[in-house]
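Let chain A serve as the given structure and place chains B, C and D on it in line with the hints.
There are 4 protein chains.
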Amino acid sequence: MAHDAIGIEALRAYFEKDYFAAFVGVEIVDTGPGTALVRLRVDQRHRNSLGMAHGGALFTLADMAFAVASHTRGLSAVAVNTTMTFMKAAYGDVLYARAREVSRNRRLATYLVEVMDEPGEVLCLFQGTVYIKGDPVARPDR
Amino acid sequence: MAHDAIGIEALRAYFEKDYFAAFVGVEIVDTGPGTALVRLRVDQRHRNSLGMAHGGALFTLADMAFAVASHTRGLSAVAVNTTMTFMKAAYGDVLYARAREVSRNRRLATYLVEVMDEPGEVLCLFQGTVYIKGDPVARPDR
Amino acid sequence: MAHDAIGIEALRAYFEKDYFAAFVGVEIVDTGPGTALVRLRVDQRHRNSLGMAHGGALFTLADMAFAVASHTRGLSAVAVNTTMTFMKAAYGDVLYARAREVSRNRRLATYLVEVMDEPGEVLCLFQGTVYIKGDPVARPDR
Amino acid sequence: MAHDAIGIEALRAYFEKDYFAAFVGVEIVDTGPGTALVRLRVDQRHRNSLGMAHGGALFTLADMAFAVASHTRGLSAVAVNTTMTFMKAAYGDVLYARAREVSRNRRLATYLVEVMDEPGEVLCLFQGTVYIKGDPVARPDR
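Protein chains in written order, with the numbering used here: chain A, 1 to 142; chain B, 1001 to 1142; chain C, 2001 to 2142; chain D, 3001 to 3142.
Isolated chain A (complex conformation) (with noise of 0.2 Å):
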């Protein structure tokens, strides 16, 4: 890999101005190589009239966990396709999602991730390609 793996903190920088995920309130709680875990706290503003999570706030929870586990390596990507199957509703209050980088090449990288409420129940199944533009992720913190 031509770039280093970059940290946590240099990670939650970089993804300060993605304003949508701060607008709905997605947490980067940890990271490592080619791995995210993220999280969002549930509040009426994200729910339907059942009382679940809506779904574009669940997709919008997975996306981060897969965008953030992509620029891992250093080098900015950007989604080509995802795919997301809803297996049951979320009522939690607090809701996680985990990302795992499954296969990585110079130019194309998939990550698998799951939407978990606070038990670790699996409630999504998110599946994500991106393509590698190749130039590196802003290091502030160096």
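No lab work stands behind these hints: they were computed from the structure. Remember, it's a predicted structure, so these values are computed and weren't measured experimentally. Idealized CB from N, CA, C, for every residue including glycine. Treat the hints loosely; a few may be bogus.
[What the hints assert, rightly or not] Subject to a maximum C-alpha distance of 30 Å in a straight line, what follows is the list of computed DSBU-like cross-link-like pairs (lysine-lysine):
hint: 1; chain 1: A; residue 1: K133; chain 2: C; residue 2: K2133
hint: 2; chain 1: B; residue 1: K1088; chain 2: D; residue 2: K3088
hint: 3; chain 1: C; residue 1: K2088; chain 2: D; residue 2: K3133
hint: 4; chain 1: D; residue 1: K3088; chain 2: A; residue 2: K133
hint: 5; chain 1: C; residue 1: K2133; chain 2: C; residue 2: K2017
hint: 6; chain 1: A; residue 1: K133; chain 2: B; residue 2: K1017
hint: 7; chain 1: D; residue 1: K3017; chain 2: A; residue 2: K88
hint: 8; chain 1: D; residue 1: K3133; chain 2: D; residue 2: K3017
hint: 9; chain 1: D; residue 1: K3088; chain 2: C; residue 2: K2017
hint: 10; chain 1: B; residue 1: K1133; chain 2: B; residue 2: K1017
hint: 11; chain 1: A; residue 1: K133; chain 2: B; residue 2: K1133
hint: 12; chain 1: A; residue 1: K17; chain 2: B; residue 2: K1133
hint: 13; chain 1: C; residue 1: K2088; chain 2: D; residue 2: K3017
hint: 14; chain 1: A; residue 1: K17; chain 2: A; residue 2: K133
[As the list claims (entries may be wrong)] Over 10 Å on every C-beta distance to chain A, these chain C residues come out as not near it, computed from the model:
hint: 15; residue: R2045
hint: 16; residue: N2048
hint: 17; residue: G2074
hint: 18; residue: E2101
hint: 19; residue: R2107
Only chains B, C and D this time, still in chain A's reference frame:
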């Protein structure tokens, strides 16, 4: 079809309680049997650091078109699976998503959604399937 | 586009070496810039115990339309991701898949494919993205 | 679960009538509650001109693991949607697909499938959802 199709005012009333879509700012523009057109006026909240609409905002827009179209038959439904391909960066100030029903049987229905900018260029292609629960959509206008 | 589009005879010659498609029996019927129509005459080998065409046969049919359409621009490409929704059981003796290009840039292109029976009813909806490798498709007819 | 899980011999008998899988040469290696491992010995018929296993052959392999795993609960089911990401070229002579159940309720169940070569490297990632029809899988060995 056991239940009549319902009109745009009933659908707007039904989706008003979809707080996340309202929070993000997605509006219902037009509906018909198995179809929906929705709109997002993009501002700073929806963008990322490069000035493009964020994947979560684009998904929420497409998902709303999908949700509305799948309720036009008058029966409630829940998303089973969605796929979204991100084809072009979304720089416009006004974005639309147009959904059409590709297939529908008693329990499952599938929709194709295009996210477009104002010149009508297709930016994202979304495909989604719902499970039809079978209870009628509340019709407060009747 | 650096390379000219190529014609149906060159595409047939190129895909002759795609032994699996030939083994399954998929034929190229028509091609155009970014489009392809392919056919499968369904017999016992392609069915399951209920007499319907098998998911693998339906996928191979759709995938061939996708592959041919993505090569009509004259550059070789490999599949990155495919999604297929199975909407209706396929009982017909002749099935078609029609692919059209939804988007194409220098490195990625996306196609939408419909699998149809002879009356033209859509049975499956397929969406796929290729990575464009950039080497020209061999053109034995020139 | 109203119906007991069924064993590998009953599943082999049931899938014998899945002529396409037999025609392609996919074999059931192992099954368990919600899981399946299947194998394809790759020969010339399954390859393309570059010597790699064809996308249709890889899909048929993954789809068989998905189908078998979704029948291990003893109830018949039909595919609703599948997604497949092609991550690495498949050059091996023996390929496997391993499916596991991620979620199952009364009507819908979702499976994750990995296609691997003999060293165990993951080549393709497949995700699929079935609709559970509810009729028991025939059990000729009881």
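(request) Starting from the hint list further up, note which numbers the structure goes against and sort them upward. (result) Violated hints (numbers, rising): 6, 7, 11, 12, 19; every other hint is consistent with the structure.
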